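Asker: Chain by chain, the residues run as shown.
Protein chains: 2
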Amino acid sequence: MAQVRNKQVLLKNYVTGFPKESDMEIVEGSITLKVPEGSSDVVLLKNLYLSCDPYMRILMYKDTPLSLGFQYSPGSPLTAFGVSKVVESGDPKYKKDDLVWGVTKWEEYSLVPSAKIHLLFEHTGMPGMTAYGGFFELGCPKKGEKVFVSAASGAVGQLVGQFAKLTGCYVVGSAGSQEKVDILKNKLGFDEAFNYKEESNLDAALKRYFPEGIDIYFENVGGKTLDAVLLNMRSHGRIPVCGMISQYNLSQPEGVTNLANLIYKEIKMQGFIVSQFYPLYPKFLEFILPHIREGKIAYVEDIVEGLEGGPAALVSLFSGQNLGKKIVAIAPE
Amino acid sequence: MAQVRNKQVLLKNYVTGFPKESDMEIVEGSITLKVPEGSSDVVLLKNLYLSCDPYMRILMYKDTPLSLGFQYSPGSPLTAFGVSKVVESGDPKYKKDDLVWGVTKWEEYSLVPSAKIHLLFEHTGMPGMTAYGGFFELGCPKKGEKVFVSAASGAVGQLVGQFAKLTGCYVVGSAGSQEKVDILKNKLGFDEAFNYKEESNLDAALKRYFPEGIDIYFENVGGKTLDAVLLNMRSHGRIPVCGMISQYNLSQPEGVTNLANLIYKEIKMQGFIVSQFYPLYPKFLEFILPHIREGKIAYVEDIVEGLEGGPAALVSLFSGQNLGKKIVAIAPE
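In order, the protein sequences belong to chains A and B. Per this note's numbering, the very first residue in the first sequence carries number 1; after that it's consecutive. Per this note's numbering, the very first residue in the second sequence carries number 1; after that it's consecutive.
Derived DSS-like pairs: lysine-lysine, alpha-carbon spacing no greater than 25 Å straight-line:
no.: 1; chain 1: B; residue 1: Lys187; chain 2: B; residue 2: Lys165
no.: 2; chain 1: A; residue 1: Lys268; chain 2: B; residue 2: Lys224
no.: 3; chain 1: B; residue 1: Lys268; chain 2: A; residue 2: Lys283
no.: 4; chain 1: B; residue 1: Lys207; chain 2: A; residue 2: Lys62
no.: 5; chain 1: B; residue 1: Lys268; chain 2: A; residue 2: Lys142
no.: 6; chain 1: A; residue 1: Lys268; chain 2: B; residue 2: Lys268
no.: 7; chain 1: B; residue 1: Lys62; chain 2: A; residue 2: Lys207
no.: 8; chain 1: B; residue 1: Lys283; chain 2: A; residue 2: Lys268
no.: 9; chain 1: A; residue 1: Lys268; chain 2: B; residue 2: Lys142
no.: 10; chain 1: B; residue 1: Lys268; chain 2: A; residue 2: Lys224
no.: 11; chain 1: B; residue 1: Lys34; chain 2: B; residue 2: Lys95
no.: 12; chain 1: A; residue 1: Lys224; chain 2: B; residue 2: Lys224
no.: 13; chain 1: A; residue 1: Lys268; chain 2: B; residue 2: Lys143
no.: 14; chain 1: B; residue 1: Lys62; chain 2: A; residue 2: Lys224
Think of the hints as simulated: they come from the structure by calculation, not from any bench. Here the structure is a predicted model, which means the values were calculated and not measured.
With the hints as extra help, turn the sequences into a complete structure.
Answerer: Right, here's the structure in full:
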């Protein structure tokens, strides 16, 4: 029975403050390329691409407050979304060489529950569903509305901005470098974009871009940005809360002081995890596939080659050094 | 034409910090008891009861962030909800001696737009609609769910607690004195109640009363209480945001640090103003009237006699010295 090398990225310890590469370690294990006899609910995957996402930081807390159906523990490989090829399936729903996406592990080969994966259709996946569900289901956009997206060049933000434009909204994004701002305006079709690091007064910046206020704020960062946004929301505004990446590494999160505006402006602020939108997957495909075929959706990816580069790739999310969706490519298809 | 005395409570100046009686002044004006010729959209009211409500503090800010269709300005009488008797109506919808509730002014007689008032049916009004709309429409309670109400003995909180019990929920209230706690438990039917001033650790207090977490938090106070609640919400919890009375008088509001739990627990937090629920008024009456007739709704009122007592009554809301719904009775019916 084929026993092969299985390189893995393990969590070394629970993390306090900003994650460092040394919080993870790369080890060489081995794996038997066979689904255990009689296991009809697992698949053996060869992992092709691994996704780096901010929520992974939250799973690195001891006693994480996030329940996604999987947790991290020191000594085990990171669990995360990825694109994989089926090596062998116990579940008749999948067959050898199927391309799938779903919850897998940071290693070359993974044995995972078949309930956690889906067949891959074209360019879809977790950030797409996150942007779609958060923006359309919770943001309830209407043509002509004013939309602000933070971390706008990130995996989710870049899609939200494009979905907003497809809906006929005015959309402004914030990001952390001039290069990202240029991409937002020139490649991703945002009406305006600004570098939040260059703005000494975020409230004033928002008033400049939204003299009449914001209808939808797609929240990816939290903290000071949220506080400034709350001062600039319009009546009956919506704030889908996708992430608060500025806060995950702080032992004492920044205080948000302007929440009373939720009342004054009758604002709905709603946190979500992408899984609540999985039932909408067919509707999402119906929406997105024609746009993809017509070349109307751009997607900026930042791909690192090799599992060894995984820890650095993940850490880069929190210093803002990624440019677009961060992916670790670990095997040729 | 009858010209009579019209005592008024004027705002003297915009308010910083806690409101004081001296921020208001009582003056004696006069009024002609006649609707101006040809005015078919106004009514002349004799005010009977005036409602003291926390939102009035927000209207005392210079450049108030709250748009209710009326504002305060120094030298003018306070505008607020009240119960009044029609003296004369230009609008054929009302006739002399009708009892009405709606937006009137802190004075003996008021000429107001007829669009701002409603006929009075039994014991209904603004706090009832606020509790009803916030709890049922935004809280979406289900039998067996766990509900926490802050400022629970206040005008709105006491009704929310009773509506929660009528829905088959477990409900705990917080308030600022032992006397209020006793009323919550013994008169208003809350399952549990506690004095937040006696709790050095609100997180621990909430874990004691909600070992499995909170499904619905009816938010009246903001600040530290909200921060502790966010640590104790259950997955898919709801937070209708009715008020944040602990914050209105602070020049620098307290920072809320645990908002990332909105994501982890997929929480919907929604601010509201009662007027968005006015279309539900018939549905509200259908719900509440049978319960009132069967004696199933208790209501604790704290009534002050005379317009002169108005400023002190209003100020008492912010020191927690009121016990239940604070009302200024200014004329015998």
